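J.: Here is what each chain is made of, one letter per residue.
Number of protein chains: 2
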Amino acid sequence: MPRPVPVLPEGVDPAWLPVRAFRPIGTRRTLIRGSGPLVETVHGEVAEACARFGGRVERDAAPGPFDLVLELTGSGDDSSEAFGYERGRGCTTVTATGARGLLYGFFHVVRLGEAAFVGEAQQALHEPALALRMLDHWDNVAVHPVMGQVERGYAGGSLFWAAGRARGELERVRAYGRLLAACGINAVAVNNVNVHEVEARLLTDRIGEVADIAGALRPYGIRTHLSVTFAAPIVLGGLETADPLDGRVREWWAGAVARVHEAIPDFGGFVVKADSEGQPGPFAYGRTHADGANMLAAALEPYGGTVHWRAFVYDHRQDWRDRTTDRARAAYDHFVPLDGEFAANAVLQVKHGPMDFQVREPVSPLISAMSHTTLAVELQATQEYTGQQRHVCWLGPMWSEVLRFLGDQEGPAFEELVAVSNVGDDPFWTGHPLAQANLYTFGRLAWQPDADPGGILDEWIRLSFGTGPAAGLHAVLDGSWRTYEKYTAPLGVGFMVQPGHHYGPSVDGYEYSPWGTYHFADRDGVGVDRSVASGTGYAGQYAKAWAEVYESAESCPDELLLFFHHVPYGHVLKSGRTVIQHIYDTHFEGVAEAEAAARVWESLAGLVTPARHARVAELFEEQLRSAREWRDQINSYFLRKSGVPDAEGRVIY
Amino acid sequence: MPRPVPVLPEGVDPAWLPVRAFRPIGTRRTLIRGSGPLVETVHGEVAEACARFGGRVERDAAPGPFDLVLELTGSGDDSSEAFGYERGRGCTTVTATGARGLLYGFFHVVRLGEAAFVGEAQQALHEPALALRMLDHWDNVAVHPVMGQVERGYAGGSLFWAAGRARGELERVRAYGRLLAACGINAVAVNNVNVHEVEARLLTDRIGEVADIAGALRPYGIRTHLSVTFAAPIVLGGLETADPLDGRVREWWAGAVARVHEAIPDFGGFVVKADSEGQPGPFAYGRTHADGANMLAAALEPYGGTVHWRAFVYDHRQDWRDRTTDRARAAYDHFVPLDGEFAANAVLQVKHGPMDFQVREPVSPLISAMSHTTLAVELQATQEYTGQQRHVCWLGPMWSEVLRFLGDQEGPAFEELVAVSNVGDDPFWTGHPLAQANLYTFGRLAWQPDADPGGILDEWIRLSFGTGPAAGLHAVLDGSWRTYEKYTAPLGVGFMVQPGHHYGPSVDGYEYSPWGTYHFADRDGVGVDRSVASGTGYAGQYAKAWAEVYESAESCPDELLLFFHHVPYGHVLKSGRTVIQHIYDTHFEGVAEAEAAARVWESLAGLVTPARHARVAELFEEQLRSAREWRDQINSYFLRKSGVPDAEGRVIY
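Sequences listed follow chains A and B, in order.
Here this note's numbering is used: the first residue of the first sequence is 1, the next is one more, and so on.
Here this note's numbering is used: the first residue of the second sequence is 1, the next is one more, and so on.
Source of the hints: derived by calculation from the structure; they are not laboratory data.
Note that this is a predicted model, so its numbers are computed, not measured.
Hints may be right or wrong, so weigh each one.
What the hints assert, rightly or not - DEER-style ranges, computed between Cβ atoms:
id, chain 1, residue 1, chain 2, residue 2, range
1, A, SER79, B, ASP319, 58 to 64 Å
2, B, PRO557, A, GLU401, 56 to 62 Å
3, B, PRO514, A, GLY255, 54 to 60 Å
4, B, SER552, A, ARG650, 30 to 36 Å
5, B, ASP319, A, VAL12, 34 to 40 Å
6, A, THR324, B, ARG317, 41 to 47 Å
7, A, ALA163, B, PRO514, 52 to 58 Å
8, B, PHE283, A, VAL12, 40 to 46 Å
9, A, ARG201, B, SER513, 37 to 43 Å
Claimed, not checked - Cβ-to-Cβ under 8 Å is the rule here; a few derived chain A residues that face chain B:
id, residue
10, GLN318
11, ARG321
12, THR325
13, ARG327
14, VAL507
15, ASP508
16, TYR512
17, ARG523
18, ASP524
19, ASP632
20, LYS641
21, GLY643
22, TYR653
For glycine and all other residues, C-beta sits at the position ideal for the given N, C-alpha and C.
With the rest of the complex left out, here is chain A (with noise of 0.2 Å):
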């Protein structure tokens, strides 16, 4: 039976599977071969679009000519993702091997669109670069009273939870689902790292909640995960530790993993923040994270379960005045004296860069540094740093810079992509309509890290939008990461953020803090020393080549200048200019070009629909207002630190 294509509810935004997008697919002839849920999927999908544009779909022997065949080749239980692609004679033909290669292959045609169906193409093979594309949802199921529903959620509620309760939306959830797999993510962990009472009890008793979940998201190929305690075995299980060595906690572990599997038996496995920002972990028991990791991996692995193990541990109650410290070392130091510990299913998931999702960072070096452990690369789709879905800000050339810097590596790359979700239960699903593309980009690079983020976007573009305002929204969006950086913290230096929620500027807000995260500007310059010739040594821990450019402020590339030097005032960039006029260049320049993306879109009227121009027009006016802010207090404060004129006089508060 063809399972129906899930309805979206009333006024929710189709993202980038508007039924337009199904024409080519729905006006034509489409045979599809083989057995099993994911293609009972794949012909609901088809046959839906053929109910709505006239075309016909048939199954398995059934007499052509088709325009279209899409098979899968084996019994199904094959676990490959990949999907054959040719086009001759008239006809295109997807063959797979495993159901969820037929899906992919299904959702390349409807990417594909008209050009899917005219031509020749050669066989090729698609298969995504890395096995794991997993989006990690900050959700709460309880509101927690400082974080709200959603940790740094920007769009509105939650998919999966309400106010202590699992909302049982299950067909909004199957819409997601379909999102996603349009754009090659194939895994989903339903709640926040930082796991609270509530949310707890996810694994125990409240498992037939996620189960549900796990059901909706299973027919578009993806699988789910949960975020749980280190503590579990002492809060929800009654013993009086969590020690990984302890057999009694081991035991428990393994019963609580039997018991997930019979409710989800997909189940994808624990995402785990442990000794972390104040959650638990191994260390209060003078064990390992290897120790910790392996405990849960080996609870998991009899069912294909994996753990991913978050290596954001770092000493988070610093004195400011100690100068010794420097977070960015953090997950370097704690971790790579454990590289080769972990087990197979123990993934170690690194941000991208050592501190937090700052607009600008280098590559973690730890990514590079762990040969032996499965690694998973963490990026944040919510925007919490970048404009928090107020601002238009693509990541897509971001990630792409840190996946192609990964790529170029000598030492091991990663096997897994994650990102932090921004999605919730507002009506464009991610608050600001523009950061879809966020989402959809974060999926295509995880299945090609090495993929052209510009052609992504002109794909998301297309399927979301169609063709009429492409250009206008390449111009607002192309360069939009690059516009926020400029008018936000400069040169690498990061977190002049207001403390807390961290949306808008605060250039002392983290400096006296305890959080490890400062800048140290003073009259005569600004900037972090995290060389090994004076300062916190963290430069040392990239590979040679990269560690000798990091070093020296003279090869230290400008957009991470502040990041590894402190420089004076006066310092001469690359680009020529000093690092004063640096500051207020961009700052000015950062928010002309903002007003410009406004202009732009405010002529996108009549080519885009109504709801969306109105929601984005009415963010561009929080976001140029947030933007002439962030320019005011950064040129301010830098002016009346250094006493360093503009040199084209310009307003300075």
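Fit chain B to the supplied structure of chain A, relying on the hints for placement.
T.: Just chain B, lined up with the frame of chain A:
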């Protein structure tokens, strides 16, 4: 029937009314003459003391001899609070024409202790300088999501309310009223001036809960007041307007007051925060604050009630870039044009300084500029900006400076003194046991504004602790306000606090905010130019003599220099030190003084109760940590900005 003395709940600190304080009366023979409820209160007090210590109390025509005669000479209807006091021929005599006068005379004897029963004393009339001596409780009925049960409360929950309901612990409220009467306070407003949804209903269907509190406070001569929302006719009355000149609105208020008066015959009146920090007010209807206040005054007038109308009106959405607006000017600019327009029972309640209860501010020029308006001066006993009852900070000297400044003015003075309460359900009433001194001192200064605060403190110490630890307590408390001033924001500049909760340093925390609280520090200097010649003109709001003093940096007192002037770091103070060296010196001194105070406190173990000693010792740990944090942040900030090294080469980070 003598009214029994309220029984303190187990573990609650007796504050300045320990049993011991009643021994001088309790061991003697007392005659009480007169009748009425407050006479019964006094009789109950004396009877309780005699029961404990073996003395004797008689009524009216009983035969002598007596050591003490307490006589109500009139019917008790006299509203006078005055009492006569004399001693001769072995007998101490207190006479009063009003019942409250007798009560205050009784507590006068308590405060005198044994000294009331030795020697001779000429007949003297004691009467309060100010008719109304009020505590405003910023207590919420429901727990506010940000502000909690008590807004800016640092002493646990509320005595009156808990989680949306009346606590109903009226015995504790009675004990509270007794403490207040013993230091001369005669009015209490029982809820927060920010009137939220639940709290609004105290005026109507929940007035019974207020009446219960009023009933508990009445036997100690305390009238109860209520904070109301100006929008009450809309939110409670179902009208579509709260326009003070609208007949239906006036009618609604008249009816509401009539019903309040039925429940509370001696109801004191309303406290209103209107058009202030988001609260509704007459501006919405194009009416003046006099229109608003007079409408409420008219409703209260038939019952002898008063409206306290707060003058805390300013633009809390200021643009920090706008140097033409000065929050310090706001109250004067708003209210001076209305002088003479307020009804006789409409009291304008003015904060003592022009900003908001900083550790050092000049006295508000508004207070001396309203010849034709009844004024209440508002102090803040709750230590919002003065250490939040985790730091020892006895505010007596600050308040005394303010009151003496006002006493020295030629213009009209003020008729009432109000303090924001520092009391909660904490066993020590005020969280920090030594913060009780602020509550006591407020009451005594409200009775006699020109009293020597050191004498009041001495009185408080003798009552609360006896004479043993007196020298030590003076050492800890006498200079504590100046110590706190030294290690926090320098030279009157104010507001270098963490935004929101206002605890701990953040030099730039309010520098780029909409709150109108700036210091304008740059690499060359710091401070706000409020002169007439080159600044905001605020200095010109004072009468000529003070306007001239404040106008120039040369004549401005050191401690207010940065409030009135922006000066270079090298500016030489009257003390002979430069501004920058003053900043360094005072911050090192302040911490050293706090450390010395902590050592003195340590030495008092054995001289104060173990419970008090332990609580204060624990709080000193936090005070020292916080004081060092203040020292280091402020010094680092100004060293980084000025580049001027400390002349003594001490450690600055």
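J.: Are the hints correct? Go through all of them and say.
T.: Now for the hints, and whether the structure bears them out:
no., hint, verdict
1, A/SER79 / B/ASP319: 58 to 64 Å, "59 Å, holds"
2, B/PRO557 / A/GLU401: 56 to 62 Å, "58 Å, holds"
3, B/PRO514 / A/GLY255: 54 to 60 Å, "55 Å, holds"
4, B/SER552 / A/ARG650: 30 to 36 Å, "34 Å, holds"
5, B/ASP319 / A/VAL12: 34 to 40 Å, "38 Å, holds"
6, A/THR324 / B/ARG317: 41 to 47 Å, "43 Å, holds"
7, A/ALA163 / B/PRO514: 52 to 58 Å, "32 Å, violated"
8, B/PHE283 / A/VAL12: 40 to 46 Å, "41 Å, holds"
9, A/ARG201 / B/SER513: 37 to 43 Å, "41 Å, holds"
10, GLN318, "13 Å, violated"
11, ARG321, "5 Å, holds"
12, THR325, "13 Å, violated"
13, ARG327, "17 Å, violated"
14, VAL507, "7 Å, holds"
15, ASP508, "4 Å, holds"
16, TYR512, "5 Å, holds"
17, ARG523, "4 Å, holds"
18, ASP524, "7 Å, holds"
19, ASP632, "6 Å, holds"
20, LYS641, "6 Å, holds"
21, GLY643, "5 Å, holds"
22, TYR653, "5 Å, holds"
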